Amino acid sequence: MTTPMTSYAPARDAEGRPTPIAGRKPMIQCRGVQKYYGDYHALRGIDLTIHEAEFFSLLGPSGCGKTTLLRTIAGFEDISSGVVLIDGKDMAGVPANARPTNMVFQSYAIFPHLTVADNVAFGLRRDPRSRAEKAAAVDEALGMVGLKGYGARAAHALSGGQRQRVALARALILKPKVLLLDEPLSALDRKMREQMQVELIKLQRQVGITFVLVTHDQEEALVMSDRIAVMFEGNIAQLATAEELYTRPASRRVADFIGVMNFMPARILGETATGVTVEAPGFGQVEIPAANVSHADPGDPAPSIGFRPEAVTLLAATAPATDRVTEGIIDEVVYYGDMSYYDVILDSPDTFGGQPHEIRISMRNVFGRELPDLGTRVRVGWSPGSLILFR
Amino acid sequence: MRGGGLRAYAIAYLLFLYAPILLLPVFAFNSGTIIAFPLKGFTTEWFAQMWGNATLRRAMLNSLTIAVSSAVFATCLGLFAARASTRFAFPGKGPIMGLIMLPLVLPEIIVSISLLVVLLGIGIPLSVFTVILGHTLICMPYAVAILTTAFSSLDRSLEEAAQDLGETKLSAFRLVILPLVMPGIISAMLMSFTISLDEFIIAFFLAGNEPTLPTYIFSQLRFPKSIPMIMALGTVLVAMSILLLTVAEYFRRRGVARTGQKDSGGFI
Numbered sequence: 001m002t003t004p005m006t007s008y009a010p011a012r013d014a015e016g017r018p019t020p021i022a023g024r025k026p027m028i029q030c031r032g033v034q035k036y037y038g039d040y041h042a043l044r045g046i047d048l049t050i051h052e053a054e055f056f057s058l059l060g061p062s063g064c065g066k067t068t069l070l071r072t073i074a075g076f077e078d079i080s081s082g083v084v085l086i087d088g089k090d091m092a093g094v095p096a097n098a099r100p101t102n103m104v105f106q107s108y109a110i111f112p113h114l115t116v117a118d119n120v121a122f123g124l125r126r127d128p129r130s131r132a133e134k135a136a137a138v139d140e141a142l143g144m145v146g147l148k149g150y151g152a153r154a155a156h157a158l159s160g161g162q163r164q165r166v167a168l169a170r171a172l173i174l175k176p177k178v179l180l181l182d183e184p185l186s187a188l189d190r191k192m193r194e195q196m197q198v199e200l201i202k203l204q205r206q207v208g209i210t211f212v213l214v215t216h217d218q219e220e221a222l223v224m225s226d227r228i229a230v231m232f233e234g235n236i237a238q239l240a241t242a243e244e245l246y247t248r249p250a251s252r253r254v255a256d257f258i259g260v261m262n263f264m265p266a267r268i269l270g271e272t273a274t275g276v277t278v279e280a281p282g283f284g285q286v287e288i289p290a291a292n293v294s295h296a297d298p299g300d301p302a303p304s305i306g307f308r309p310e311a312v313t314l315l316a317a318t319a320p321a322t323d324r325v326t327e328g329i330i331d332e333v334v335y336y337g338d339m340s341y342y343d344v345i346l347d348s349p350d351t352f353g354g355q356p357h358e359i360r361i362s363m364r365n366v367f368g369r370e371l372p373d374l375g376t377r378v379r380v381g382w383s384p385g386s387l388i389l390f391r
Numbered sequence: 001m002r003g004g005g006l007r008a009y010a011i012a013y014l015l016f017l018y019a020p021i022l023l024l025p026v027f028a029f030n031s032g033t034i035i036a037f038p039l040k041g042f043t044t045e046w047f048a049q050m051w052g053n054a055t056l057r058r059a060m061l062n063s064l065t066i067a068v069s070s071a072v073f074a075t076c077l078g079l080f081a082a083r084a085s086t087r088f089a090f091p092g093k094g095p096i097m098g099l100i101m102l103p104l105v106l107p108e109i110i111v112s113i114s115l116l117v118v119l120l121g122i123g124i125p126l127s128v129f130t131v132i133l134g135h136t137l138i139c140m141p142y143a144v145a146i147l148t149t150a151f152s153s154l155d156r157s158l159e160e161a162a163q164d165l166g167e168t169k170l171s172a173f174r175l176v177i178l179p180l181v182m183p184g185i186i187s188a189m190l191m192s193f194t195i196s197l198d199e200f201i202i203a204f205f206l207a208g209n210e211p212t213l214p215t216y217i218f219s220q221l222r223f224p225k226s227i228p229m230i231m232a233l234g235t236v237l238v239a240m241s242i243l244l245l246t247v248a249e250y251f252r253r254r255g256v257a258r259t260g261q262k263d264s265g266g267f268i
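Protein chains in written order, with our numbering: chain A, 1 to 391; chain B, 1 to 268.
The hints are simulated quantities; they were obtained by calculation from the structure and are not laboratory data.
Incorrect hints may appear among the rest.
To be verified - For lysine-lysine, the following BS3-like pairs were computed, each having C-alpha atoms within a straight-line distance of at most 30 Å: (1) A:LYS134 - B:LYS169; (2) A:LYS148 - A:LYS191; (3) A:LYS177 - B:LYS225; (4) B:LYS169 - A:LYS89; (5) A:LYS148 - A:LYS175; (6) A:LYS89 - A:LYS191; (7) A:LYS148 - A:LYS25; (8) A:LYS89 - A:LYS25; (9) A:LYS177 - A:LYS148; (10) B:LYS169 - A:LYS175; (11) A:LYS177 - A:LYS25.
What the hints assert, rightly or not - Far from chain B, some chain A residues (derived; all Cβ distances over 12 Å): (12) GLY45; (13) VAL104; (14) GLY146.
Remember, it's a predicted structure, so these values are computed and weren't measured experimentally.
All C-beta atoms, glycine included, are put in the ideal place defined by N, C-alpha and C.
Same shape as in the complex, but just chain B:
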């Protein structure tokens, strides 16, 4: 059969990618304390233990605070950058946009250490706030990429038409441009939120004594008896990530359909 080898390769590839993640819920509901087959029995004890853990709740609260704030900041800043890059010509536009997108490829560990050095140097104490700063930095490129797509699919005369029909520059933006890029804005916020929520390196360096979900999970890996609880937590996080990315993609596609444009691709 032609293509048989390639098909087997594709299946093996997908298994390698996703089978480990599928194991998370399997062990999260397994009543044995050791992560090994054969499975013992069904339990929801690990989920109960998870909800009962005060440090974990604190980590969860921190992570949500950081993720929501970073998403809002990155999207707001991204809005300005995307609007400027699609609507106006100005000197140094290429290099500036390049620098904004750079954190996408910069090693996070380098970014984290540099930020740590700078923050300590100017005397800002490490806290949830410093993590928000770091996460805003790394979420910006994603937000800008999504928003640039949203802005560049807009016909420039839409804004002029609104002005021509009696609106000021500001109200034309609010009445025409904003509704049309709103799906992009929501999509950018959800994407940033997801990235921030499971980010480890920056959180590890910049959080000080505050736990976030990823750093908390890492710290618990040393204790074998808390591993099943981590499995339960992992299950919840994976489910949330998939849900959020699906919602983000839904809004992006709806935006494309609403403006009657052709889909030029997204992150999913």
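Just chain A, same shape as in the assembly:
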């Protein structure tokens, strides 16, 4: 991916510096978008704005409506109500072939009866340029996705990763305003997937086109996107940057879906302007800062506190106590090479039913430091600022 395809890059200012995403002009606007399939309510009022040259992800479990939303933007599905604007134009009644969007399909949809070059040139059929100019454009597009010299190959003889690249070249050659990607990496093996994630980000920065990615893989969304919309049951549960999603989940459900999160039952004791005082097993009484208060799952409204595995630390026996300390016993150690997970059963008083509460702690591994044995008594250091209250 070397040759730059377009000189224009709206993601950069005149000096070539990246511009803040929030300041760019809106490229896709959805206003109250609803979609019914018969009685099934697939999209329940989607409102979102995706900016020019933004890498945006629609993330959610299968059946949450993310693919339906992508297909309504592409023009493959009519919406039941609401408005979809692309680059300021209402897309109502505009068929897929007349929209300034192109799509990379989950199956890649490479035309098996054509060569690689004919596949890439497919969208140029109505292009008035000369044959030679089109051939040059095809070569350039193939070079951009790292498939220089593959033009004469039969499409059905390509590997999965190569098909994916052909699909990308075939869409990007048309210089769409928006590139839609429907789970494009799900069919690739892990190594290939991670490589393509990096290549896709670089490609997106280079061509300056708005990318909208649909994925069920939260790690993929976190790694690749400028912003992410987390969807459940046809609604957007949270629309935020990766960091905000991870550190400030809008609800317990989002917190559970993104990364690993420990949850503990909590009892609310009091509330002030600065925060909420709660009691939780092993944590005693603690005041959670008001900024860390989030919503409980409507299906299970009992209050709980949550924290990430890296938000707490295992303390050496001799280490001085940090902010707060609680004690427990190591129940399991899961070794990942660069880091390990430690499952620790916390000592807790009988006020929460007496059953043991287990938490998961992650720590980077250091050469020379031995992993603690199972059953070892450990101290766990934490601070109130890293706890989130869901209520």
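For chain A, the structure is supplied; the task is to place chain B on it using the hints.
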């Protein structure tokens, strides 16, 4: 030896199936007028007699007209049915497809008599055309079966991808779907052609005074002296059938290979 009995059975079975057909060319080139061993000598006289027979030529022309027309009609109608059944969901799809496939198992004599009654009832004179109608009916299930396989092996997003890249629904079908199912279309036409060419019962009932090859052959069986000529004709027909079915299967397999799909079986 284990399996010896089964092997003998398999050989006997194949002999029973194909030995009579192998006798056709043997007697077609035999100079004796009686169909019996020992053979007398080599001759091509029966083939010459065959080409010289005006009624036979007329039967041949009729049969070809009927077979080509039925193949085209059955394949065109089959295309619609196969496309509808693989691409769209609509009420009554199962029963409708079932009814289309029904002539496959319906006794042909019943179909023929019903058609005869209806055609005479509404006053359509029996001719080559009425045979074409009948043959289109019985060729449809074969065409639909072949075309459904061709359509269902297509990824649905291929069509959407073509639309996404700027083509209308119609041009997407023409540029992507049609080339990919073309081997299936050719295969369906050849299959229908072959079925129509040697079909007897419907032709016998619906052709009126027009001879077709099978009905002509049947009529000539009463005259012992024309039997060697029938043998020669039979030889030509068998050779043509084998050739056409081979071509049909070749196109079907090429279609499967072209779309990169796994072979899910065909008629051969």
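Verification of the supplied hints:
no.: 1; hint: A:LYS134 - B:LYS169; verdict: holds (24 Å)
no.: 2; hint: A:LYS148 - A:LYS191; verdict: holds (22 Å)
no.: 3; hint: A:LYS177 - B:LYS225; verdict: violated (81 Å)
no.: 4; hint: B:LYS169 - A:LYS89; verdict: holds (23 Å)
no.: 5; hint: A:LYS148 - A:LYS175; verdict: holds (19 Å)
no.: 6; hint: A:LYS89 - A:LYS191; verdict: violated (40 Å)
no.: 7; hint: A:LYS148 - A:LYS25; verdict: violated (34 Å)
no.: 8; hint: A:LYS89 - A:LYS25; verdict: holds (13 Å)
no.: 9; hint: A:LYS177 - A:LYS148; verdict: holds (24 Å)
no.: 10; hint: B:LYS169 - A:LYS175; verdict: holds (22 Å)
no.: 11; hint: A:LYS177 - A:LYS25; verdict: holds (12 Å)
no.: 12; hint: GLY45; verdict: holds (26 Å)
no.: 13; hint: VAL104; verdict: violated (9 Å)
no.: 14; hint: GLY146; verdict: holds (21 Å)
Figure legend: structure checked against the earlier numbered hints; hints not met, in rising order: 3, 6, 7, 13.
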